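The listed protein sequences derive, respectively, from chains C, A, D, R, L, Z, W and X.
Under the numbering used here, the residue at position 118 of the first sequence is numbered 118, and the numbers go up by one with no gaps.
Under the numbering used here, the residue at position 247 of the second sequence is numbered 247, and the numbers go up by one with no gaps.
Under the numbering used here, the residue at position 193 of the third sequence is numbered 193, and the numbers go up by one with no gaps.
Under the numbering used here, the residue at position 194 of the fourth sequence is numbered 194, and the numbers go up by one with no gaps.
Under the numbering used here, the residue at position 122 of the fifth sequence is numbered 122, and the numbers go up by one with no gaps.
Under the numbering used here, the residue at position 122 of the sixth sequence is numbered 122, and the numbers go up by one with no gaps.
Under the numbering used here, the residue at position 73 of the seventh sequence is numbered 73, and the numbers go up by one with no gaps.
Under the numbering used here, the residue at position 21 of the eighth sequence is numbered 21, and the numbers go up by one with no gaps.
Everything labelled a hint here was simulated from the structure, so no lab data went into it.
What you are looking at is a predicted structure, and each value in this text was computed from that prediction instead of being measured.
Each hint should be verified, as a subset may be incorrect.
[Stated by the list, open to error] A few chain C residues that face chain D, going by a derived Cβ cut-off under 7 angstroms, partial list only: (1) Phe-29; (2) Ala-51; (3) Glu-60; (4) Gly-67; (5) Gly-71; (6) Arg-229; (7) Gly-234.
Each residue gets a CB set at the ideal place from its N, CA and C atoms; glycine is no exception.
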Amino acid sequence: MAELRSGRPLLLQGNEAIVEGALAAGCRFFAGYPITPATEISEMMAYRLPAVGGTYIQMEDEIASLGAVIGASLAGAKSMTATSGPGFSLMQENIGFACIAEVPCVIVNVMRGGPSTGLPTKPSQGDVMQARWGTHGDHPIIVLSVSTTRECFDITVKAFNLSEKYRTPVILLSDEVVAHTREKIQLPHPEEIEVIDRIKPNMPPEWYIPYEDNTRGVPPMAVFGDGYRYHVTGLVHDVRGFPTERADEIKAFLTRIHRKIYQNYFDIIMTEEEHVDDAEVIVITYGAVARSAKRAVREARKRGVKAGMIKLITLWPFPRQALEPHLKRVRAVLVPEMNFGQVSREVKRINQGMTRIEKMNRIDGQLITPDEILTRLLKL
Amino acid sequence: MAELRSGRPLLLQGNEAIVEGALAAGCRFFAGYPITPATEISEMMAYRLPAVGGTYIQMEDEIASLGAVIGASLAGAKSMTATSGPGFSLMQENIGFACIAEVPCVIVNVMRGGPSTGLPTKPSQGDVMQARWGTHGDHPIIVLSVSTTRECFDITVKAFNLSEKYRTPVILLSDEVVAHTREKIQLPHPEEIEVIDRIKPNMPPEWYIPYEDNTRGVPPMAVFGDGYRYHVTGLVHDVRGFPTERADEIKAFLTRIHRKIYQNYFDIIMTEEEHVDDAEVIVITYGAVARSAKRAVREARKRGVKAGMIKLITLWPFPRQALEPHLKRVRAVLVPEMNFGQVSREVKRINQGMTRIEKMNRIDGQLITPDEILTRLLKL
Amino acid sequence: MAELTKLIHKYLRHAKKFPHVWCPGCGNGILLGSLIRAIDRTGFEKDDIVLVSGIGCSSRLPVYVDFNTLHTTHGRALTFATGVKLANPRLQVIVVMGDGDATSIGGNHFIHAARRNLNLTAIIVNNNIYGMTGGQYSPTTPYGSYSTTSPFGHIEHPFAIAELAVTAGASFVARGTVYHTNLLDELIEKAIYKRGFSVVEVISNCHTQFGRKNKMGGPIEMLKWMKETAVRVEKAEKLTEEELKDKFTIGILVDRELPVFTMEYEKIRQEAKKKVSA
Amino acid sequence: MAELTKLIHKYLRHAKKFPHVWCPGCGNGILLGSLIRAIDRTGFEKDDIVLVSGIGCSSRLPVYVDFNTLHTTHGRALTFATGVKLANPRLQVIVVMGDGDATSIGGNHFIHAARRNLNLTAIIVNNNIYGMTGGQYSPTTPYGSYSTTSPFGHIEHPFAIAELAVTAGASFVARGTVYHTNLLDELIEKAIYKRGFSVVEVISNCHTQFGRKNKMGGPIEMLKWMKETAVRVEKAEKLTEEELKDKFTIGILVDRELPVFTMEYEKIRQEAKKKVSA
Amino acid sequence: MAYRYELRLSGSGGQGLILAGIILAEAAGIYDGKYVCQTQSYGPEARGGASKSEVVISDEEIDYPKAIKPDVLLAMNQKACDTYFFDLKHGGMLIVDSTFVNQLPTTKAIRLPFTSAARKELKKEVVANVVALGALVTLTGVVSLKSLEAALMNRVPPGTEDLNRKALELGIQLAKSHLQGGL
Amino acid sequence: MAYRYELRLSGSGGQGLILAGIILAEAAGIYDGKYVCQTQSYGPEARGGASKSEVVISDEEIDYPKAIKPDVLLAMNQKACDTYFFDLKHGGMLIVDSTFVNQLPTTKAIRLPFTSAARKELKKEVVANVVALGALVTLTGVVSLKSLEAALMNRVPPGTEDLNRKALELGIQLAKSHLQGGL
Amino acid sequence: MEDNKKKASDSKPSKSQKAKYSIDIFSGWCKSCGICAAFCPRKCIEMDENGNPKIVAPERCTGCGWCETHCPDFAISVKPIKEPKVEAV
Amino acid sequence: MEDNKKKASDSKPSKSQKAKYSIDIFSGWCKSCGICAAFCPRKCIEMDENGNPKIVAPERCTGCGWCETHCPDFAISVKPIKEPKVEAV
Ligand SMILES: Cc1ncc(C[n+]2csc(CCOP(=O)(O)OP(=O)(O)O)c2C)c(N)n1
Ligand SMILES: Cc1ncc(C[n+]2csc(CCOP(=O)(O)OP(=O)(O)O)c2C)c(N)n1
Ligand code: SF4
Ligand code: SF4
Ligand code: SF4
Ligand code: SF4
Ligand code: SF4
Ligand code: SF4
Ligand SMILES: [Mg+2]
Ligand SMILES: [Mg+2]
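Chain C extracted, bound-state conformation (with noise of 0.2 angstroms):
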């Protein structure tokens, strides 16, 4: 069976491995357009997709792929789609359509160095921000981030099961390195995963009312063909799908996709603590350059130093309550990003005084090194 390659170690590239997560994730649908350092990804997925049944196509541009890839997921194919940089700015105007008309998806950025054209071949974290606020108005989205290969494969699993729960695109952000460091690993046996799939209505058709509010905040969403006939649009509709101007249903509307985010923060939110509870200078760090922090950790904590990290894996929402308890509690925190400094405002934000925050940055599309965050961490 060409599905699962589960059982035996493999070396996969981070590219690679977000394409066996996909796949056993449900992911029968993905439309993209080649990009350094994304490509891979493509490439992959043209080459198992109709293996397993599902269809793969390489449309005209970017913004032409996340287009397929909404439409594809109405019809009821989990979709995704993957870019960098230059793609992932062109995406941006669908990326609010999904956001608003509640269109489950994925969409992986690798990024490479920028602004524009800037460092194709280059790793760079330069996108945290764009990912957040990136399409016009404000909405709710849901970022999360890697840094070894077997995270590409759990967390686009992850990635697929909240863009489904919770009827939103959500964005993978990987890296160049990530992307194409080749690592052994083992992937997980098909019932170790963990798949969920979006609720579909159950009520007979006459009564569906697409975009009804619940508890949850994520009314259940019916599939094209399936015999509830709706209507999809990206203005902002009623509780039927239909545009509306009525101030208070716009309210309600707007209201409601931001609250089935914030109110499921806690299963959202992820983030992993190494040595944190007896710590008294923390880093704080994602993507490849959490592998580096790791070391430098280690190496601190072996020349006495009571370093801890907390690696985040959701971006966003910034994961404000993983972190609150430890800025008031360290003597100071570190935040090395392969950019000038963008998750160090959010803590800087959430921070308020408690603790002394520092970043630390290189933009020169190199990898910061174990070392350069050791020599930072001991002057702490």
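Following the hints, put chains A, D, R, L, Z, W and X with the ligands in place on chain C, whose structure we already have.
Just chains A, D, R, L, Z, W and X with the ligands, lined up with the frame of chain C:
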């Protein structure tokens, strides 16, 4: 003469005043694509530009529009485009190009309700964060906002000036209310208007190093056709403009394009204070909402509350230095916005526990009223 | 006749959404009638029809009909439709776009959809203008016309939408008008039946934003203009270029058999299943 | 001959940028030669030439030549070029794009530039593949070919780039190959001279990403293939469809006089000056 | 406190109320030299749906540009009258086009047949907005009639000056007869 | 501290060093059961420009995936040798292709003629990378030769198994003669 | 739909001749564009002084359906008039 | 450009016949693609055992320029050989 309509009172929409401001600042090229509520800017430009020897073109979409604007600027014309949310999202990739290639231009975003097609005819302030972070890669940018018809004129002139001075795209955020409010104004006489032009090289072409650093961080800009043949690219480049992958050159370049904005902070940030000196509570506000805030503050004073307000004209770089002294002093701050809270995030980020920050948000397509602000002010 | 009431009941979201938002006399309403008649004739189930549109006056159409309806972003309708069709090829996907939507911002998706030959039906309402945003020139605005962004007369040349579709590779291409409704019913019906990418360009009137500004009058005068200016392709073949000046042709421009994407992809799946092991 | 050294000195940024980044035998290098010879023949000053490109292997070309050079974003070269030309119509603007750049992501700008008939020259290096990103199919990849994203054979149909430009309205459209360099020099020269939008589609070899995967061999074999497969348009007219099967034509496809945007706009300016007062 | 006078002109899409607002604003701002803000609200349904135009006149710079509690409401159809009447300032003036408004929310409403008068007297319904303007200004005195006429002449398409002048006069007359207790 | 062994294979674009790195990583990871990370750096110039492939082998999960101080540097051309030699761990092993590397930064370098041997003995320059791999593994023992061969056979295009097996053997022999002081 | 049934102007025979078709115009949807009146080949429909369509000569109607298929607002319906059959109650 | 002048292989007449053209291949730019050798109509150029182009028969060269216009790397230059004129010093 068709150039300036100064001297006599006029009843102008915000959108029309932007056109007048642009022409006064020397704008001679406009490329755009119609979209509510920015369309009048295009329509007026189509009418006015040819009469002053300039060029108007309606392109096939917003991506093309900004492309043409950048091209025209490189060929020497002060250039502008205008759009609203959906078009602004599409422009993101090329905004990054203008940043990295350091091409002056002005991009007007008349904000309407989002995300996606959202609320085409309703005002919003949902794109404040997008204006800063919408394109991929970490990039410098200047973002200004307007709240009256007169400001539409004045700040548009400013936008061109800053753009030319710092060789950077400048984003002007307006909103549906400001855009469509007709107000009586009297435009200043040409000699009252400061107009800044880009510095051009004056050395012989052989000596010209197009992206060489200097104290201002802004290299002189040659115009295509003037005899300085050089290379312009969206790739990270060396001082001669050619693509580079050398870490030292990357770092020097990206640092410079950030530095040129941040080191000139005091030249760029603009705020307007009202009753702030003895204020115990202040409203931090911008755009159309500032008009409601102004009335609310006056009403509050009448009722004995020591209220004040700071109107942000420069939104990015965020005018931290203008706010910090007040945050240290006042009892509370109210940030009313037509979004879920974007500027309020920034105020919190710089606040670091100094005072209490309260947000106040309306997302239903209606302008926040003076009464609503007043009610909150009285309770602060 | 009087089928109408039946059709209204069967296909329109009549109880809530009418009268519709279009201007008095707007061709979009006439097209909507043709569309539901044509669909009715094809016999497809309402549940199996997905009606996709972009943004514009014409793209408001899906709101009014009781199918699976999808109102996308400006210019992108065909890309969404591509995803719908590929994810469930059993669905009949019909895409309604304006001239601006389909050939200005969406021009690339249009020629690529034609090239790719996915089994979709594109209906392009060509009213020579951007109606919804208030009358700016579109890629089909005639040379010399006036619009709010060509206040001194338009200097660009219009696309021939149907001809572009032919060159780009569509399987079936036709042009009709909202005056010639019987023909239009028939063209749309054939287009839906066609396996492969099918296009119907519908000449329609936007008197509000185009007609009045260009001294073409209101809806009545513009319908008369269609009547007088349209020539059947069959007849046009016999006319000289001179005789055809300032005329446009209506009817079927091309109807050809080309391999269809979804069927070809099914072959790929079979082959992949043989070759790819996990 | 041996003009070469002179041309290298005159036009290439030879001291720093060579050897160039292209693969051994890549057609882009041959095209670069044709381009500088053609420009040299036109006699335009280097200062008056603006060379614009998008993103791709072929779009790396401007780095190597001593003009005003502008390396834009993927697919958008023509839009930047439009701005350059309109802001300073005195400049000769030449745009080099790959097949993917010009007809995939940039397809819309391409047909609109043709329609608008601005005085630009578009040179499209058609190597039937996305070279730079490592060999994914492009809109010109032939049916049945292999690429990294059509591992089981390609099921889409290719655009005929030059024909598309003709339908969209370009003033001058030609096709050449990097094998037929004399013809290519001539076509590019004519295209640059032409007032109005001119297009030269250049069939080129990407053996690295396309040739090898499709058993067409290396650069030598691919040049031979061009030699054998290209037919002059003049000759093609006399051949049957059968004889032309699997062949492509080279030469000038269309050369027509149409009103040029910049000149038309100048009229608009005159009129506006009369009508508009502040 | 500074003088601030708010007017709301309401009706449906094709009735020309936005233009009426602009003319009024120009009369007040350009010709009478006051501060003025004119706003409107519209939707995609504007092509026949509800239309609302507001004018705020003041002797100092105007902060909030929209009407807070209108001093005057002109309602050119029933729906507008029903929707907006309750926003009217206590003691404010309600003027309705009796051609379309049948149900009145207050006995103090001023009912004048703008549209039918335009149709009857001038054979042109389209100038009903100008008729209404003439009446409104006569009734409120918010701008001088001279300024109103100047503003009107400045905005109407060439060739229609006469018609519009007549419409204005018709409105003035309607208002005057009302004031004189006629009608 | 845990075992961590770092190799860097460097040279120019067409020399197949990324594939060599993958094969080595697969030998260590899949066949020898170690933890392994393989990375590379490349540019648009990769088509002839510099190419670098790194393999990190460990007996525990690998944090930082790139080489920090390589234990082994394989330099297939002069530029690579010049650029990377100074990163080498103190006491690390430098192996160079003597076909292209003339200037040696240290007397301890191991010089073997990978490319010319491949050209001469196998008439195929393209397998110089496999020759080098054979030698490298023989000299370092970083993976077992059995695993290397298995990994190699798994990655080479069908029909070239023989050639590659021969290339591997050639590399092993070159290394052996070096160890025996020959060459 | 119940409310929709109120008709703007029913087809009352204006001449003595008997109408074979009943032409219904639903004023709730009609936007008075005038298309029906302008094009009806038998001039059965005219615009009244208020600018609304009015059936003036139903007896001339041939049931061609032109008005029905061209009304942009689905406001006209043309039906053959069935002779009421006398049936047993 | 000074350094660039060192030539890979000068056109030394290999046969007794006198060459009319000098063919220069600049090895610094040549990428050994083989195009010149494969297509030279007079077979003046061949690829050597290391896979690099080599001028084997300059005397056959007609100066047609094919190699020059087709070398993707601007690495070949063909010039007519001028008889050195004896001039007064
Ligand atoms: C990205 C984007 N740009 C611009 C718009 C504004 N817009 C809405 S409809 C439209 C044009 C409509 O013209 P057409 O497609 O011809 O449809 P019509 O209204 O004429 O039927 C435009 C420009 C938008 N919604 N989104
Ligand atoms: C928005 C965007 N999407 C994708 C890419 C990645 N990309 C770079 S070049 C290219 C295709 C190149 O193909 P073509 O235009 O045919 O040029 P060639 O390399 O074949 O000369 C792609 C997809 C990009 N740079 N920007
Ligand atoms: S504006 Fe034009 S296209 Fe839009 S509804 Fe009115 S007549 Fe129809
Ligand atoms: S990849 Fe293809 S197009 Fe690019 S340089 Fe190599 S041969 Fe040329
Ligand atoms: S065509 Fe329809 S909408 Fe127009 S007037 Fe006749 S009935 Fe009314
Ligand atoms: S059915 Fe024909 S004849 Fe009868 S009213 Fe309609 S258009 Fe006239
Ligand atoms: S054609 Fe040029 S690059 Fe190729 S082998 Fe000959 S000289 Fe070298
Ligand atoms: S000039 Fe012609 S004959 Fe001489 S070497 Fe070159 S290709 Fe051969
Ligand atoms: Mg249109
Ligand atoms: Mg290509």
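Compare the structure with the hints numbered earlier in the document and write down the numbers of the violated ones, lowest to highest. Of the numbered hints, all hold.
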